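Enquirer: Sequence:
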Amino acid sequence: MRGRLEGAGSPRESRRDYWGAVLDAPDAVALARFYTELLGWETTKEEPDWVTIGPPDGVAYLGFQTAVGYVPPMWPPAEGRQQMMMHLDFEVTDLDAAVAHALDLGAREAGHQPQDDVRVMLDPAGHPFCLYVGDDPASQAHGGG
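Numbering (my numbering), first residue to last: 1 to 145.
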């Protein structure tokens with residue numbers, strides 16, 4: 001992308017080519033803590049209404065912002081309800097263990113599961129995310145979370 005510094009091979013702290021996704025939430029700090037524990041990532045910035053987390057060795061991050069009047073997305077979609085705009089996919093090696101861990105942290109299993117090898121979960125704020133076993137997320141032809 002034009003206008004970005006390239007930093008491949010440089011230590012994370014000195015890089016300036018970060019990218020990420022930001023999720024709205026009723027409480028940014030609480031949702032960030034959920035994902036920090038789920039993913040084993042670290043908090044990189046925390047303010048009362050804004051938190052970013054990231055892996056210790058990469059340039060990707062997840063951001064969380066408190067949104068007044070937040071309405072959780074509906075999964076599966078329902079006419080007239082808040083639609084899911086995006087979802088996160090996480091590859092795992094043991095689907096049952098990953099689901100149990102997410103449940104222990106406060107996630108819920110979605111009622112609609114479109115595939116046997118993918119588990120659609122809802123985070124504490126209601127955002128769908130998928131846990132799957134596989135090699136390539138782009139090849140996961142799921143229509144879920």
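Since the hints were derived computationally from the structure, they do not count as laboratory data.
From a predicted model like this one, the values you see are computed outputs, not experimental measurements.
Just so you know, not all the hints are guaranteed correct.
[To be verified] Beta-carbon label-pair distances, calculated as ranges:
no.: 1; residue 1: K45; residue 2: V99; range: 36 to 42 Å
no.: 2; residue 1: P76; residue 2: K45; range: 31 to 37 Å
no.: 3; residue 1: A21; residue 2: P56; range: 15 to 21 Å
no.: 4; residue 1: T43; residue 2: A67; range: 27 to 33 Å
no.: 5; residue 1: E91; residue 2: V59; range: 27 to 33 Å
no.: 6; residue 1: D116; residue 2: T43; range: 33 to 39 Å
[Claimed, not checked] Here are the simulated SDA-like pairs of lysine to any residue, each with C-alpha atoms no more than 20 Å apart in a straight line:
no.: 7; residue 1: K45; residue 2: D27
no.: 8; residue 1: K45; residue 2: P55
no.: 9; residue 1: K45; residue 2: G20
no.: 10; residue 1: K45; residue 2: A60
Glycine included, every Cβ here is placed at the ideal spot set by N, Cα and C.
Enquirer: Indicate, hint by hint, whether the structure satisfies it.
Expert: Against the structure, the hints come out as follows:
1. K45 - V99: 36 to 42 Å: Violated: the Cβ-Cβ distance is about 30 Å, outside 36 to 42 Å.
2. P76 - K45: 31 to 37 Å: holds, 34 Å
3. A21 - P56: 15 to 21 Å: holds, 18 Å
4. T43 - A67: 27 to 33 Å: violated, 19 Å
5. E91 - V59: 27 to 33 Å: Because 19 Å falls outside the window, the suggested range is violated.
6. D116 - T43: 33 to 39 Å: With a Cβ separation near 35 Å, D116 and T43 satisfy 33 to 39 Å, so the hint holds.
7. K45 - D27: holds, 15 Å
8. K45 - P55: With Cα atoms ~13 Å apart, K45 and P55 stay inside 20 Å; holds.
9. K45 - G20: Holds, because 13 Å separates the two Cα atoms, which is no more than 20 Å.
10. K45 - A60: holds, 14 Å
The structure fails hints 1, 4, 5 (numbered hints given earlier, in ascending order).
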